[in-house]
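Peer 1: So the protein sequences, as listed, match chains A and B. Heads up: the first sequence begins at 258 in the numbering used here, then just goes up one per residue. Heads up: the second sequence begins at 91 in the numbering used here, then just goes up one per residue.
The set of hints was computed from the structure by calculation and includes no laboratory data. Just to be clear, a hint being listed does not mean it is correct.
[Said to hold, decoys possible] Which residues of chain B face chain A? A few of them, derived with a C-beta cut under 10 angstroms, are: (1) Leu115; (2) Asp154; (3) Thr174; (4) Glu178; (5) Thr180; (6) Asp233; (7) Arg237.
[Unchecked claim] Derived EDC-like pairs (lysine to aspartate or glutamate); straight-line CA-CA distance at most 20 angstroms: (8) Lys213(B) - Glu497(A); (9) Lys122(B) - Glu349(A); (10) Lys213(B) - Glu377(A); (11) Lys122(B) - Glu409(A); (12) Lys213(B) - Glu435(A); (13) Lys461(A) - Glu151(B); (14) Lys213(B) - Asp476(A); (15) Lys213(B) - Glu493(A); (16) Lys213(B) - Glu413(A); (17) Lys213(B) - Asp473(A).
[Unchecked claim] Ranges between beta-carbon positions, derived for each pair: (18) Ala118(B) - Ser397(A): 18 to 28 angstroms; (19) Ser411(A) - Asn243(B): 25 to 35 angstroms; (20) Gln224(B) - Asp476(A): 58 to 68 angstroms; (21) Phe479(A) - Thr180(B): 48 to 58 angstroms; (22) Gln224(B) - Asp456(A): 23 to 33 angstroms; (23) Pro458(A) - Gln224(B): 51 to 61 angstroms; (24) Thr180(B) - Asn459(A): 23 to 33 angstroms; (25) Phe139(B) - Asn459(A): 28 to 38 angstroms; (26) Asp138(B) - Asp419(A): 19 to 29 angstroms; (27) Asn134(B) - Asp419(A): 51 to 61 angstroms; (28) Thr180(B) - Thr455(A): 29 to 39 angstroms; (29) Asp456(A) - Leu228(B): 37 to 47 angstroms; (30) Ile141(B) - Asp318(A): 25 to 35 angstroms.
Ideal placement from N, C-alpha and C gives every residue a C-beta, glycine not left out.
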Amino acid sequence: MNFKQRCVFFISLSGFFLTTSLAFAQQGKVNPYDTITIRDRYGLRLGVDLFKPARTFLEDDFTGFEIVADYRLTKKHWLAVELGYDDRTKNEDNSNSTIEGSYVKAGFDYNMHNNWLGMENMIYVGLRVGVSSFSNTLNSFNIQSNNPFFGEVSVEPGTKFDNLSAAWGEALFGLRFEALPNVYVNMNIQFKGLLNNTDPPNFKNFHIPGFNEVNDFGDFGFGFSYSVSYFIPFYERTREKAKK
Amino acid sequence: MRLYRYLIFVGLFLCLLGACERDDLCSAGIPKTPNLVLRFLDANITNDFKIVPGLRVVYPEVNDSLPANGGTFANDSIGIPLPTGLGEFTTTIVMVKDAANANLRNSDTVDIRYLAQEVFISKACGFKNEFILQQITLRNDNDNWIRNLLITNDTIQNEFQAAVRIFH
Chain A
258 MNFKQRCVFF ISLSGFFLTT SLAFAQQGKV NPYDTITIRD RYGLRLGVDL
308 FKPARTFLED DFTGFEIVAD YRLTKKHWLA VELGYDDRTK NEDNSNSTIE
358 GSYVKAGFDY NMHNNWLGME NMIYVGLRVG VSSFSNTLNS FNIQSNNPFF
408 GEVSVEPGTK FDNLSAAWGE ALFGLRFEAL PNVYVNMNIQ FKGLLNNTDP
458 PNFKNFHIPG FNEVNDFGDF GFGFSYSVSY FIPFYERTRE KAKK
Chain B
91 MRLYRYLIFV GLFLCLLGAC ERDDLCSAGI PKTPNLVLRF LDANITNDFK
141 IVPGLRVVYP EVNDSLPANG GTFANDSIGI PLPTGLGEFT TTIVMVKDAA
191 NANLRNSDTV DIRYLAQEVF ISKACGFKNE FILQQITLRN DNDNWIRNLL
241 ITNDTIQNEF QAAVRIFH
């Protein structure tokens, strides 16, 4: 019997006890179901994002990584933190700039999934607050004219703007499942809203580390993460039984 | 399994996201580097605009001239492009009066010294130049049709206002 079959067996068995016990309960006997205690594992999950290294490998103009961690607070709540680094060159139609910096995101996840006994998968929603510190280097740009008589002139100033920062909030939706014992695969999509952004003088940030692409038309953004993490159990806690 | 069904949905959603192409193209209506607006006035009567017949503007540095009526806003004013870039520039223009008539043709050479600064427009459009006119001088050729030049607006950010008045 594998783990899943054991679970099914266990649950059907408890179901059997439940139905039979109802018959006996009225006769003042102990309900055997009450004797089953559910113990949840609590601890820290540490991992790395695989999406960013994949992009680093596949795209010439991107380098990045992200470390993820979460810590179980209650039966359904997890404290979550992500630390990352982006180095991205944005080659737009009329400008080329490189944004480089690191970020931290912190918040919590709420598990909406009711696990089978003994399983610890998650279908979750989460909230994060992110802050980023970065630099933006304007490598080159084109000068556009009302009269194209002289053609388009391209200049390469290479101006570096340091000490830029941004803050944003995000809501995320994701899945996390135990692929191997204590090894979790996690993926989520993030919807972000920019709260604060210091643009360089006379230029703009087209990318913010952790926030990703900045649009011309709005302060919202998207993100995606695919990470693998390892669960380090710290302690177990008996789940409180539902009151009859 | 239920989880895998969710994974497929998430995967499909991501494919849709990836299919969204940005469409922020630079529109032609957005003001870019402004032309230098020259206004022609009568040298004898103050504040009276005066048309230059058969005007042609030649840039000897690039060996090219503006197309006929290229950049003209009205008969008594013309918007001419300046070479763009960063820093200080000096460019020479030759203004030919009665260009089509070999007997009356008269060419005057003008040197324009200016500063070019970059100004960010948008992600799609990139940058434009704004100019600060420093000096505009007429070369004396003993038969100048231009009598005098005057900078009236040395900071050129748009084309709403004439930058140089030319008296003839």
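Peer 1: All hints, please: hold or fail.
Peer 2: Status of each hint after checking the structure:
The criterion of a C-beta within 10 angstroms of any C-beta in chain A is met by leucine 115(B), whose closest approach is roughly 8 angstroms, and the hint holds. Hint status for aspartate 154(B) relative to chain A: holds, with the closest Cβ pair at about 8 angstroms, below 10 angstroms. At about 4 angstroms, the closest approach between the beta carbon of threonine 174(B) and any beta carbon in chain A falls short of 10 angstroms, and the interface hint on this residue holds. Among the interface hints, the one on glutamate 178(B) is violated; its C-beta lies about 14 angstroms from the nearest C-beta in chain A, farther than the 10 angstroms criterion.
A hinted interface residue such as threonine 180(B) counts as satisfied when its beta carbon comes closer than 10 angstroms to some beta carbon of chain A; here the least separation is about 15 angstroms, so the hint is violated. For the restraint placing aspartate 233(B) at the interface with chain A, the shortest Cβ-Cβ distance is roughly 28 angstroms, beyond the 10 angstroms limit, so the hint is violated. Below 10 angstroms, beta-carbon pairs count as interface contacts, and arginine 237(B) has none with chain A, the closest being about 27 angstroms; its hint is therefore violated. A hinted pair counts as satisfied when its Cα atoms are at most 20 angstroms apart, and lysine 213(B) with glutamate 497(A) does not qualify at roughly 56 angstroms.
Simply put, lysine 122(B) and glutamate 349(A) have alpha-carbon atoms about 17 angstroms apart, close enough for the 20 angstroms limit, and the pair holds. Distance check on the hinted pair: lysine 213(B) and glutamate 377(A) sit about 45 angstroms apart at the alpha-carbon level, beyond 20 angstroms; violated. With a C-alpha separation of about 11 angstroms, the suggested pair lysine 122(B) and glutamate 409(A) falls inside the 20 angstroms cut-off, and the hint holds. Pair hint lysine 213(B) plus glutamate 435(A) does not hold up; C-alpha atoms about 43 angstroms apart against a cutoff of 20 angstroms.
Distance restraint check for lysine 461(A) and glutamate 151(B): the Cα-Cα separation of roughly 35 angstroms exceeds the 20 angstroms cut-off, and the hinted pair is therefore not satisfied. With a C-alpha separation of about 14 angstroms, the suggested pair lysine 213(B) and aspartate 476(A) falls inside the 20 angstroms cut-off, and the hint holds. For the hint linking lysine 213(B) to glutamate 493(A), the alpha-carbon distance of about 53 angstroms lies beyond 20 angstroms, and the restraint is violated. Restraint check for lysine 213(B) and glutamate 413(A): the C-alpha separation of about 17 angstroms stays at or below 20 angstroms, so the hint holds.
Under the criterion of a C-alpha separation no larger than 20 angstroms, the hint pairing lysine 213(B) with aspartate 473(A) is consistent with the structure, at around 7 angstroms. A beta carbon spacing of about 23 angstroms between alanine 118(B) and serine 397(A) agrees with the range 18 to 28 angstroms that was offered as a hint. The hinted range of 25 to 35 angstroms is satisfied by serine 411(A) and asparagine 243(B), whose Cβ atoms lie roughly 28 angstroms apart. At roughly 41 angstroms, the beta carbons of glutamine 224(B) and aspartate 476(A) sit outside the given window of 58 to 68 angstroms.
Under the hint 48 to 58 angstroms, the C-beta atoms of phenylalanine 479(A) and threonine 180(B), about 49 angstroms apart, fit the expected range. At about 30 angstroms, the CB distance of glutamine 224(B) to aspartate 456(A) agrees with the hint of 23 to 33 angstroms. At roughly 24 angstroms, the beta-carbon separation of proline 458(A) and glutamine 224(B) lies outside the given 51 to 61 angstroms, and the hint is violated. At roughly 25 angstroms, the beta carbons of threonine 180(B) and asparagine 459(A) sit within the given window of 23 to 33 angstroms.
At about 36 angstroms, the CB distance of phenylalanine 139(B) to asparagine 459(A) agrees with the hint of 28 to 38 angstroms. Taking 19 to 29 angstroms as the suggested C-beta distance range, the pair aspartate 138(B) and aspartate 419(A) does not conform, at roughly 55 angstroms. At roughly 59 angstroms, the beta carbons of asparagine 134(B) and aspartate 419(A) sit within the given window of 51 to 61 angstroms. For threonine 180(B) and threonine 455(A), the hinted distance range of 29 to 39 angstroms is satisfied, since their beta carbons lie about 37 angstroms from each other.
Evaluation of the 37 to 47 angstroms hint for aspartate 456(A) and leucine 228(B) yields a pass: the beta carbon distance comes to about 43 angstroms. One distance hint, 25 to 35 angstroms for the beta-carbon pair isoleucine 141(B) and aspartate 318(A), is violated here, with the actual separation near 54 angstroms.
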